[in-house]
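Engineer: One letter stands for each residue in the lines below.
Number of protein chains: 4
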Amino acid sequence: MDKGRVEAFSDGVFAIIITIMVLDLKVPHGEHLDALLPLLPVFLSYVLSFLYVGIYWSNHHHLFQASRKVTGSVLLANLHLLFWLSLFPFVTGWMGENHFGELPAAVYGGVLLMAAVAYWLLQNALIAADRGDSVLERALGLDWKGKLSPALYLLAILASGWQAWLAQSIYVCVALMWLVPDRRIERVLSR
Amino acid sequence: MDKGRVEAFSDGVFAIIITIMVLDLKVPHGEHLDALLPLLPVFLSYVLSFLYVGIYWSNHHHLFQASRKVTGSVLLANLHLLFWLSLFPFVTGWMGENHFGELPAAVYGGVLLMAAVAYWLLQNALIAADRGDSVLERALGLDWKGKLSPALYLLAILASGWQAWLAQSIYVCVALMWLVPDRRIERVLSR
Amino acid sequence: MDKGRVEAFSDGVFAIIITIMVLDLKVPHGEHLDALLPLLPVFLSYVLSFLYVGIYWSNHHHLFQASRKVTGSVLLANLHLLFWLSLFPFVTGWMGENHFGELPAAVYGGVLLMAAVAYWLLQNALIAADRGDSVLERALGLDWKGKLSPALYLLAILASGWQAWLAQSIYVCVALMWLVPDRRIERVLSR
Amino acid sequence: MDKGRVEAFSDGVFAIIITIMVLDLKVPHGEHLDALLPLLPVFLSYVLSFLYVGIYWSNHHHLFQASRKVTGSVLLANLHLLFWLSLFPFVTGWMGENHFGELPAAVYGGVLLMAAVAYWLLQNALIAADRGDSVLERALGLDWKGKLSPALYLLAILASGWQAWLAQSIYVCVALMWLVPDRRIERVLSR
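Residue numbers (the working numbering), protein chains in the order written: chain Z, 1 to 191; chain W, 1001 to 1191; chain S, 2001 to 2191; chain V, 3001 to 3191.
Hints in this document: simulated from the structure, not taken from any laboratory. Virtual Cβ for every residue (Gly too), placed ideally from N, Cα, C. A few of these clues could be false.
[To be verified] Distance windows between CB atoms, simulated:
no., chain 1, residue 1, chain 2, residue 2, range
1, Z, A151, S, A2035, 33 to 39 Å
2, Z, D2, S, K2069, 40 to 46 Å
3, V, V3047, Z, H99, 34 to 40 Å
4, Z, H99, S, D2130, 16 to 22 Å
5, W, D1002, Z, A35, 49 to 55 Å
6, S, L2148, W, A1128, 26 to 32 Å
[As the list claims (entries may be wrong)] Straight-line C-alpha distance at most 20 Å; calculated SDA-like pairs for lysine to any residue:
no., chain 1, residue 1, chain 2, residue 2
7, Z, K26, V, G3110
8, V, K3145, S, G2072
9, S, K2003, S, D2130
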């Protein structure tokens, strides 16, 4: 089975998710600054989610590049990941419109957590598909970012009921942590 | 004629259908749990349709992988399938917003039934295109899932007027039946 | 310059146009038949436009398959075609919501006419790019469908102010005329 | 690292941006000319943005064609460009609905300016990735269009508070300037 169409379909879904999130930025009716200002939280929540979906696309790209085989379990694990990512427009809009309130922030973290779990399952399905000779497995190494992120999301969910700004800070930090280009896979592949 | 662009166009349509369905999950105005709860039926109906579109994409992928030739009839049959799938966002939203009521459940089943018929027509067009030497034909074998599904959809449509939960149970069971990875085509192709 | 990315971008635009048109089918609030019936004209106008966009995709696919070179003029002509096609969701929704009234039917025909002109310009740009050795030119032959369609659209626009059903009949007939698979390009390519 | 998937993902995002902008053209309720006329400014602003996104796609296409390597910085710079382009549907709708008012025109220019900066960063990331042997660098030459555009956008932003029509004229002129096919890259590549 070839990887091409799985990547093409996933790219399509990633591209649509990242783009329709902007539809939550509803065109305001006035033409002055006071019509634009109330949109600021929705805009900030859009920027955060754009970063996350962009990072997921980039990691997904690396994941499949370091793999050779696509099995039925990989297809299922990939669909499962895309499902949680498809909820981003909803939770992003809800968090933005409610000015980063408690419950919306916790639900946002919940979707981030589930997407991280789904990504980890996909990673394992791809490693299993290459049976004992996985370039991906060697490239990942300790995978500390992959292990730290779900723990931080969990922390943010717990924090959201106590100090909402703390949850947001954690979400931003995890995004920035992933933005630092990850050269592991590039390095192992170039050998 | 090459398969590449038919697959690319279909992938695009699949990706958009599976993603815009989430737009029916309208961002609620409150920020508390009681604002989120009314969305539960819409969410459940979204999960069901996500599964169905995902399964259709995966089967479509296998179908074209096991085929060699694309004819004018294949293009038409493919468009016909995409048409019925394109109605998923509408029937999903309608069924969800009406809490799985009788008529919405029956109409949902009707679209599932028509999509299954369209899939069967596409399958036959692809087999005919490979004239007597179809890998797909051998791979399908008895195709009991393909034959059972339309019968079950019909049953669900009839059941929806009597016991609405029965129709939903059938829809869920058919989806689960297809989720079990189908190794027929992989097996025949690897020979 | 390679054709691959022009086709990929166009496929994306085609896929999105054909799919977002269904968003005009707004989910009704009631769950009974009387909630569904008012949507019938919008649905019929959706079916018509789905056919047209599908036919345009299929013809576009053939056009690029029979061509070898992509120039700056081809890129421009292609964008110009996509522009007119991108207006389909708007004119389809307007015609459907106004029950195929006079002006909406005429505007719909206007967009069909402009798309046909844009398609003809793209065809010429592709023939010019292959300088005197165009497979496409030979494959098109007399191109009677391509020449007849704009004339029929013009007729329909004129008819829409007089007998609205006549305009619709012409739109349906032209679509059916194109649905008959066109083997010209396949035949010339297979030689 | 291969360019294919970066191009595919970007093509998807470009295709969606250029197509969902038409959703701001809301289907009017009347069926007569007076229902259509108020949409004229929204339509004109759509045409302008369609041109810009089309030009960006075409330039993006040339950029990657003249490059060989994709690094982590290129992925980031590409995401950054797509972010600013993803704001087009919002600023286009806002400018159209407010009849090209002062602030909307300035904000539109701001997004154009940021997209131009992001494009310039992407260009540099691609040149840096090919380390001292960049076809792209030679092809760009003086790159006067790339240097003139941001200056003109800045001028338009300043002009928007004084004479709104002047800002719009500048936006139209820059678009037309880019529409003239740019043969630099084609010429260098064909050598």
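Engineer: Each hint: holds or not?
Structural biologist: The hints, checked one at a time:
Roughly 48 Å separates the CB atoms of A151 (chain Z) and A2035 (chain S), a value that falls outside the hinted 33 to 39 Å. A beta carbon spacing of about 28 Å between D2 (chain Z) and K2069 (chain S) contradicts the range 40 to 46 Å that was offered as a hint. One distance hint, 34 to 40 Å for the beta-carbon pair V3047 (chain V) and H99 (chain Z), holds here, with the actual separation near 36 Å. About 58 Å separates the C-beta atoms of H99 (chain Z) and D2130 (chain S), a value inconsistent with the hinted range of 16 to 22 Å.
In this structure the supplied range 49 to 55 Å holds for D1002 (chain W) paired with A35 (chain Z), their Cβ-Cβ distance being about 51 Å. Look at L2148 (chain S) against A1128 (chain W): about 30 Å separates their beta carbons, and that is inside 26 to 32 Å. Note on K26 (chain Z) and G3110 (chain V): the hinted pairing holds, with a Cα-Cα distance of about 18 Å set against a maximum of 20 Å. Only pairs whose Cα atoms come within 20 Å are accepted, and K3145 (chain V) paired with G2072 (chain S) is accepted, the gap being roughly 17 Å.
With a C-alpha separation of about 13 Å, the suggested pair K2003 (chain S) and D2130 (chain S) falls inside the 20 Å cut-off, and the hint holds.
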